[in-house]
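Residue numbers (the working numbering), protein chains in the order written: chain A, 1 to 345; chain C, 346 to 690; chain P, 691 to 1035.
Calculated directly from the structure, the hints in this document are not laboratory data. Mixed in with the good hints, there may be bad ones.
[As the list claims (entries may be wrong)] If the Cβ cut is set under 10 Å, some of the chain C residues that face chain A in the computed set are:
(1) K427
(2) P467
(3) P503
(4) G669
As the structure is a computational prediction, the values presented were derived from the model and not from experiment. Glycine included, each C-beta is placed from N, C-alpha and C at the ideal position.
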Amino acid sequence: MERTAKELADHIDAQLEGDGKLCISGCASPESAGPHDIIFVDSAKHLEAAARSKAGCVVLPPGTGALAELPGKTILRAKDPKLAFARIVAWMIPAQPIAQGIHKTAIVATSAKLAEGVGVGPYVVIEEGVHIAAGTQIGAHCFIGRDSHIGLECKLYPRVTLYQGVRLGARVIVHSGCVIGSDGFGFVPSENGFVKFPQIGTVEVGDDVEIGANTTIDRGALDATRVARGVKLDNLVQIGHNSQVGEHSAISAQAGLAGSTFIGRNVMLGGQVGIAGHGRIEDGAQLAPQSGVPAGKIIRAGTIMFGSPARPIEKAKVIIALMGRLPDLVEKIRRLEEKVFQNAG
Amino acid sequence: MERTAKELADHIDAQLEGDGKLCISGCASPESAGPHDIIFVDSAKHLEAAARSKAGCVVLPPGTGALAELPGKTILRAKDPKLAFARIVAWMIPAQPIAQGIHKTAIVATSAKLAEGVGVGPYVVIEEGVHIAAGTQIGAHCFIGRDSHIGLECKLYPRVTLYQGVRLGARVIVHSGCVIGSDGFGFVPSENGFVKFPQIGTVEVGDDVEIGANTTIDRGALDATRVARGVKLDNLVQIGHNSQVGEHSAISAQAGLAGSTFIGRNVMLGGQVGIAGHGRIEDGAQLAPQSGVPAGKIIRAGTIMFGSPARPIEKAKVIIALMGRLPDLVEKIRRLEEKVFQNAG
Amino acid sequence: MERTAKELADHIDAQLEGDGKLCISGCASPESAGPHDIIFVDSAKHLEAAARSKAGCVVLPPGTGALAELPGKTILRAKDPKLAFARIVAWMIPAQPIAQGIHKTAIVATSAKLAEGVGVGPYVVIEEGVHIAAGTQIGAHCFIGRDSHIGLECKLYPRVTLYQGVRLGARVIVHSGCVIGSDGFGFVPSENGFVKFPQIGTVEVGDDVEIGANTTIDRGALDATRVARGVKLDNLVQIGHNSQVGEHSAISAQAGLAGSTFIGRNVMLGGQVGIAGHGRIEDGAQLAPQSGVPAGKIIRAGTIMFGSPARPIEKAKVIIALMGRLPDLVEKIRRLEEKVFQNAG
């Protein structure tokens, strides 16, 4: 799709500086952009990269980079350039459909109800009692277990598995390889080894959730595992049974929640973070990558933590620095002992 | 399925207190139970939750919670209430079949031998020389590589991959997305980069093993990777080539065994634990979440360890606490030096 | 396939000692070998295992193990026995084909171009505009998104997903469950929660790369995520968007690269290593298992690091040892204080 700089400015409600008739046909990074591409810069420190770029058009924050500093370029001023740029990309480069119509190889159970306009790709299997709302696209090789409900305008990329009775809200995006609703890891020790504790709960995923590739979300043992609206899960994340993830929280790749963990709203978990069973992360807390929260521990709202076990990040940094000084401290103690106990001797 | 409290008591060999004719139709948690649901409580501290619950029937341990404390409820006394409850759930809510009969879209090689009663779902591919024993169910989109053997009454959920020559025992449960028998990570450095060390071993999985979603088990390089009977693997676990996991051990989500690790019997590995190559974890040892065992290290039988590298957990806790006191220790040393060397000066 | 010891010696250009007519029909480990198997030993410390082995033929390094020490065995002398053995295995036990011909159930878009000799397994879906070069094999249930390019003689095991526009070089091996080209984890906070930053870049994988089971490689946000030639990725690895992995680097299982990380050439990352966003690991650096590199940090060429955060391994080992002595240090300080401030009092 081609747009003029003026059209783009109007679309994102930005102020235009320079040539509004400039034709823009692509969205790019400063390094790879050509004269008909648009780029963005979100702070003054990247301004030079923008100036060096061949891009014809730049989205800039107010007060950063005058037209004279960017000769030959057209500027769109937006309060949040990254957000504005994201909207431009979404407008100019609409996502390719995952599936359109019901592919003739899709196996759809007779009692499944698919709204109009639902797309179902090749070799999809949809079991009895499934409901899929309008506008949703189901990629090739997906498996939708019986009695699952999928909301409006969801996108399931190829090869997603929903076990029975899973519920997805509207506009949920699920990437390839995800497994939602698998049995939780629940066993009871007995004289003859572990006995499986039946996992008869379910999974409820709210609106506008995105779930990365090969991520797994276990069903609750008796109740529901819940991922609230707006949550973003990266790739290879594990959500244990009965866990609750609050609205607009973000969990980075390879992080894992054991069973019955509680994650509040607007929480951020870095990559490879682990929360042991019954941990509780309150609203707005953040855990730096690889941090660990022991079983049953509470992380207070708004705190930023690091380490395994996690400590307040400022304290963790001091401790890490002092660990580096341990050899020096040991030597200091040795010298003190030499002095003190020799004197005393 | 509906049962009377008396029937349930008989089924689990429990002592009945209260109304044996009470009709039970569901199994629930205390929070979500209704009057025809059964719940369980495994210790006195959850007794109040049971009392508050709307559940009609409660499984309780001996000596905890008299009928008078739980007005209107029927009690089943069982030595291990969780285990008893698990048996009730398994009886009342039988698992839905994964596949029944051979679906017409399944591709089964002519030399594959499927016993009577084997269920094979849509779009399954079963290669030459495969043996599948009676009562086993193979979910949609599974791929069973040539010459693999699958024992009695196994359940492979949709989309499991077995590379060639993998052997599963009886009653093995494999969740969606698992890959069993993929090549181990074996390469030999050469002048022209890495040369692949062919991975021509296999994988042997014992009876009553359960394997979580998206878990990977590599085949041995020359011999077999072995997962002994009764082992439980959670989601996203990695079992490296040539590793051996002993009977009734349990490995939590995102834990990983590098190549040639040895895990004894009744070992417990927490989430995100990592065992480096040739590590050895003896019988009954436990590693807390995120612990790490360096290459070739031995963890002695029955010890409980924590940290990376792992230390005995009691020692690890002391060290963690003292790390928090490092700033204080540094200050103490500074004051000592001031005093001692000033005096000496 | 059967070969004489002499034929094997000629194939790997090794010196033969003993019976060149010995018939070899298998490749094995010392423990499981029989009289017609060949084994290898790469150092003197495993020589005794070779002597005890029933193997008829042993690949040994020069100067280790005379014929008299290994009675009845035939020896092949090779400078790098493991490499020589790998070549023998590859010669004697050729890998089974993943797919031959185009299976009748494969769905291949009309504009897709498949070179001669391409094998496509059952239930594969190949979208519009895909190019697949000669000799490549695509296993069952694979999904090849539109406009993807796959080079010569690649092997995609069953159930691999390539999103649109992914490029694989020649001789790339991709194991089951891999997802290549999924959206990166890019979101812009807004008043209404996260807004998706469109991920319109791609993934480029070089020649001779091998990618383990269930590994995920995200597409770049605007440019390409790149995995250079000769790289080996183990299972369950995460490569975040815009990351670059240099030639002949090896990344072990469950390691993860956040977005925009840079990995140089010949880098080795142990299992469960995590590199936070914009980290930079220079040529030849090594990170021990579970190590972590904070956001934006640089690890210098050739260094070996351990810990989270990673330190030079020798320093890390000293610190770990001293952490074990913390209780002792605290006691020393207490005794010093007692002495010093009592004396002073």
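Hints, one by one, checked against the model:
1. For C/K427, the interface hint holds, the least distance from its beta-carbon to any beta-carbon of chain A being 5 Å, beneath 10 Å.
2. Proximity of C/P467 to chain A holds as hinted, the smallest CB-CB distance being about 5 Å (cut-off 10 Å).
3. Annotation: interface hint on C/P503 holds; nearest CB of chain A at approximately 4 Å, less than 10 Å.
4. Checking C/G669 against chain A by beta carbon gives a least distance of about 7 Å; that is within 10 Å, so the hint holds.
Checked against the numbered hints above, the structure violates none of them.
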